Amino acid sequence: MPVLTLAELQAILGGTLQGDEQTRLDSVASLAHAQPHQLGFLVSAKHLAQARSSHAGALIVPESLAADLHQPCLVLANPHAGFAKAAALLQPEPQLQAGIHPTAVVAADAVIGADVCIGPGAVIGSKAKIGPRCQVGALSVIGPNAELDEDCLLHTRVVVQHGCLLGKRVILHPGVVIGADGFGLAWQGDGWLKVPQTGRAILEDDVEVGANTCIDRGALDNTVIETGAKLDNLIQIAHNCRIGRHTAIAACVGIAGSTQIGAYCQIGGAAMIIGHLHICDRVTVSAGTFVAKDIREPGVYTSAQPLMKHEDWKHNAAHLRHLDALVKRVKSLEEKLKKD
Amino acid sequence: MPVLTLAELQAILGGTLQGDEQTRLDSVASLAHAQPHQLGFLVSAKHLAQARSSHAGALIVPESLAADLHQPCLVLANPHAGFAKAAALLQPEPQLQAGIHPTAVVAADAVIGADVCIGPGAVIGSKAKIGPRCQVGALSVIGPNAELDEDCLLHTRVVVQHGCLLGKRVILHPGVVIGADGFGLAWQGDGWLKVPQTGRAILEDDVEVGANTCIDRGALDNTVIETGAKLDNLIQIAHNCRIGRHTAIAACVGIAGSTQIGAYCQIGGAAMIIGHLHICDRVTVSAGTFVAKDIREPGVYTSAQPLMKHEDWKHNAAHLRHLDALVKRVKSLEEKLKKD
Amino acid sequence: MPVLTLAELQAILGGTLQGDEQTRLDSVASLAHAQPHQLGFLVSAKHLAQARSSHAGALIVPESLAADLHQPCLVLANPHAGFAKAAALLQPEPQLQAGIHPTAVVAADAVIGADVCIGPGAVIGSKAKIGPRCQVGALSVIGPNAELDEDCLLHTRVVVQHGCLLGKRVILHPGVVIGADGFGLAWQGDGWLKVPQTGRAILEDDVEVGANTCIDRGALDNTVIETGAKLDNLIQIAHNCRIGRHTAIAACVGIAGSTQIGAYCQIGGAAMIIGHLHICDRVTVSAGTFVAKDIREPGVYTSAQPLMKHEDWKHNAAHLRHLDALVKRVKSLEEKLKKD
Chain A
260 MPVLTLAELQ AILGGTLQGD EQTRLDSVAS LAHAQPHQLG FLVSAKHLAQ
310 ARSSHAGALI VPESLAADLH QPCLVLANPH AGFAKAAALL QPEPQLQAGI
360 HPTAVVAADA VIGADVCIGP GAVIGSKAKI GPRCQVGALS VIGPNAELDE
410 DCLLHTRVVV QHGCLLGKRV ILHPGVVIGA DGFGLAWQGD GWLKVPQTGR
460 AILEDDVEVG ANTCIDRGAL DNTVIETGAK LDNLIQIAHN CRIGRHTAIA
510 ACVGIAGSTQ IGAYCQIGGA AMIIGHLHIC DRVTVSAGTF VAKDIREPGV
560 YTSAQPLMKH EDWKHNAAHL RHLDALVKRV KSLEEKLKKD
Chain B
260 MPVLTLAELQ AILGGTLQGD EQTRLDSVAS LAHAQPHQLG FLVSAKHLAQ
310 ARSSHAGALI VPESLAADLH QPCLVLANPH AGFAKAAALL QPEPQLQAGI
360 HPTAVVAADA VIGADVCIGP GAVIGSKAKI GPRCQVGALS VIGPNAELDE
410 DCLLHTRVVV QHGCLLGKRV ILHPGVVIGA DGFGLAWQGD GWLKVPQTGR
460 AILEDDVEVG ANTCIDRGAL DNTVIETGAK LDNLIQIAHN CRIGRHTAIA
510 ACVGIAGSTQ IGAYCQIGGA AMIIGHLHIC DRVTVSAGTF VAKDIREPGV
560 YTSAQPLMKH EDWKHNAAHL RHLDALVKRV KSLEEKLKKD
Chain C
260 MPVLTLAELQ AILGGTLQGD EQTRLDSVAS LAHAQPHQLG FLVSAKHLAQ
310 ARSSHAGALI VPESLAADLH QPCLVLANPH AGFAKAAALL QPEPQLQAGI
360 HPTAVVAADA VIGADVCIGP GAVIGSKAKI GPRCQVGALS VIGPNAELDE
410 DCLLHTRVVV QHGCLLGKRV ILHPGVVIGA DGFGLAWQGD GWLKVPQTGR
460 AILEDDVEVG ANTCIDRGAL DNTVIETGAK LDNLIQIAHN CRIGRHTAIA
510 ACVGIAGSTQ IGAYCQIGGA AMIIGHLHIC DRVTVSAGTF VAKDIREPGV
560 YTSAQPLMKH EDWKHNAAHL RHLDALVKRV KSLEEKLKKD
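Residue numbers (the working numbering), protein chains in the order written: chain A, 260 to 599; chain B, 260 to 599; chain C, 260 to 599.
Hints should not be assumed to be uniformly reliable.
Same chains, same label: a pair holds when it works inside one copy or across any pair of copies.
With a straight-line cut-off of 30 Å between C-alpha atoms, the simulated DSSO-like cross-links for lysine-lysine are [claimed, not checked]:
| hint | residue 1 | residue 2 |
| --- | --- | --- |
| 1 | 573 | 587 |
| 2 | 344 | 305 |
| 3 | 427 | 344 |
| 4 | 587 | 568 |
| 5 | 568 | 388 |
| 6 | 344 | 453 |
| 7 | 453 | 590 |
| 8 | 388 | 427 |
| 9 | 386 | 597 |
| 10 | 427 | 453 |
| 11 | 573 | 305 |
| 12 | 305 | 552 |
| 13 | 552 | 587 |
| 14 | 305 | 453 |
These are computed hints drawn from the structure, not numbers from a lab. Just so we're clear, the structure is a prediction, and the values are computed from it rather than from any experiment.
Work the whole structure out from these sequences, hints included.
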């Protein structure tokens, strides 16, 4: 593992130093568990007491908190981002072995860029293009005619189906499926007929997709995940969706077909969004929320039910079935009282 | 890619022609993006204006709309199904290379039918049977004693566990897991004991299962997905469920153990259905709905909460905890007014 | 398949016998489908009539029901646990072939214990440790520096990312992803910066994880699943969660980052729990419930909406948006009546 002094970190990350600039750091840690050879960070006064008692060798902090800390500090305008960069420097992820592993199966007409790593057992289909410096993890499958631009990182056991496109620096975690068929069915009187899904799934630059998430290919047009969008684990993006730039989607979200979500949105975990909707830019959907209509104004939207003790819930929930009747009873009382 | 004239399509699909029957088509497209060499389709008057301005070389349309269109048209009673068939003809999916890939690991006592394709790295267990013309995609695993009938298509990275059965023409998308153990636990006073799951998972003819969906094997009896049922992505079907003929289940649905769902049902995305229920034929469960009791009459059932601005939700949701009290207050008002 | 007499089962499981102790049994079955060569079980009087008419060769039953049954019976204090043990004896799961399959890719510096089985195409990373008697299924990937203690069973196509730790007897079903990156992002003004996830995922002894479930590695500290916890399919456990001893979590549950769940809890299917919460020991969360605040007392908690016919729902749900107004109307009526 690399070792850096605080001064070396400053040379890379900028900011100002406080305390011993020769403090040597070899990894990052939480305030609670950091050791003197480790770097911690602090973004708000909420954790100041914990930071003060931390054994971290140094901290990355905002200017407003630096004076209250006795440890060597690197003061940055955006400590969270700075800490992320420091962590990437100090604890780089394990890299695939250079080159194409002898057990990988690469089609003769696939186009493999410079400095590509392809892991054990990976399968690269006919006419697929793997851009320079891409890493394709063990047991991943890139379908025929799929294309990866530069510097993509596909962890183990990822599938990119035929004809799908990944931009630069796309990260796919294990189990991700890009470009499986959308759920297209035509009723034939006595059963369902499969509707071929001839569109692609396109992930633009800097998209990251979490473990076991599925992004279906388009039915005719494409499914598109725009630049910088980040998706967590176990998410379903159905055919023909468009997810806007820098939108972040937490785990267990489902988005049904043809829905378009704007840029800079945040979709909370387990939110469910039905098909053919438009959600505008800068919308926050709370965790556990069900969205069944367009959202045309930025803001925070919610629908989750509050938690209750089960005994209370039994009484309360029963009334939900009769809410319409209750409203009528109140209205009738109001009318009676008006007459009186 | 194949090229067909409109007349050739009519010879296959039936229907009547309008306009230049020699129009040559090499692919399908949406009304918005179709080019003169592409086939589009229209099912309702809702998209008539878009169809009229489409650059599609030809359209598949219902009789009621044909007169309003200037493009060459194939008029069909079921345009959606006809378009699906045309798409399959014009844009066939990439096929696996014929035969058994040299990197596949096939047990010596597995039974492999005629014209089977087995992709790179796939693993076929002892005494498994792979029927004629099946395609088993790259890195898929067919467990010992599992059986696939004719013409199944298993995309890459599918698992069919030991002893499970697939009928004819079953399609499994990447990441599907058929026949993992159900969640069977016996409490032992100080911890859980695993209950062996000795049943199978059985998928009858023409079942299709979407990416990363799981269908558990039965605990003692079997889990059964009946003929023609269609399942989307990231669905959980627990042990001993039975899903009826031609029922369609959208993504992110969970169905708990031993629940039986009838034929011709439609289960909306992210619906959650608890265990040991019976849902009769021809039931529609809306997206996001929670089902905790039997459904004995066909119809549409719903439980989702409506979306609100978060500020409104805070006020409204708080009252849900006190709905029982509110109902009592209304009752007490009603009684007071009766007395008056 | 092994064949055991009822007397042999008693010698292993204890309990008392009733009827022919030489009854020969070769498998287990449900009461409804059991044949004379099969063992069934009964835990409650609810299924007594079915048990009496069952063709099972013998039954495992509690003492309270034995007198009512004519079949040979093994009477046990915990019939469900006894039946689980009998099933494991009579119908052992198919085992991997002994040794390391020639198509597996094992790093030269990996440490492989005695009697380990590694299936076709599996990949074992640098410095990984695989303890004695572990089975690593076909096409599974164990990352660099990951460690499996003794007797783990990893089914096919499992991923354990670098540095993660499994205790003894851990079972992972197909498609499981242990130790993918948590969803850590820092906002940089114009987009998201990935925050490296440097913690581990740690699964203690006797943990079982269902198909396609994801357990993320920690951001800085670790994600921990404590001894004996059981997780069903398609569950998401985010970074830095801690799941307590012997807690059972049903399918489709999502638990957001840093939430701690106590010991002996039961989390129903599709429950969703937001981040940074504490849930105490011995809590039951009902299926479909959304948890957005700490739970400090044991008990059963629920928030699910009741199912309605869609027409009723339309009327009732509309009022939920105006519940606050309704409560005010009732209050105003109450005040009017007080004055009168």
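Contradicted hints - numbers only: Structure breaks hints 5, 7 and 9.
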